Amino acid sequence: MIRDYQAIQRSLFLRGKQRLIPTSGKHRGAKLPGTLNYETGEILTTEAEQYDAEIFLEFLKKIVNHYSTGNMVIILDNARIHHAKLLKAFWKRTNSAFLWSFCHPTVRILI
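Residue 1 is where the sequence shown starts when you use full-length UniProt numbering, and the numbers rise one by one after that.
Hints were generated in silico from the structure; no laboratory data involved.
Each hint can be trusted.
Straight-line alpha carbon distances no greater than 30 angstroms define the calculated DSS-like cross-link-like pairs of lysine-lysine that follow: (1) 31 / 61; (2) 92 / 31; (3) 31 / 88; (4) 92 / 61; (5) 62 / 31.
Treat the numbers as computed from the prediction; the structure is a model and nothing was measured.
Using the sequences plus the hints, can you model the full thing?
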């Protein structure tokens with residue numbers, strides 16, 4: 001998730017000479033679920049305004065269509081949408097093609 005918080009905390013203006021910087025007053029963001037193919041370096045992403053189970057299901061279908069042969073490993077972060085009822089049929093249907101791995105909540109992955 002990429003967020004655009006338009007709060008200005010510090011600036012380099014002299015005291016009494018601060019400029020007014022216009023902002024929209026809204027916190028906006030882009031949701032970019034994506035995959036990385038370690039063999040080719042190819043990145044596959046989907047952009048969305050919201051990130052919910054429907055968007056995630058469409059993203060999973062896109063992955064299955066794009067990487068139609070072989071097996072793959074998907075590491076998920078235990079978000080609630082990864083366990084949504086909407087996805088249960090998809091998980092059962094594709095169980096043999098994927099190796100699912102959910103990170104333990106205390107594990108922090110730094111990129």
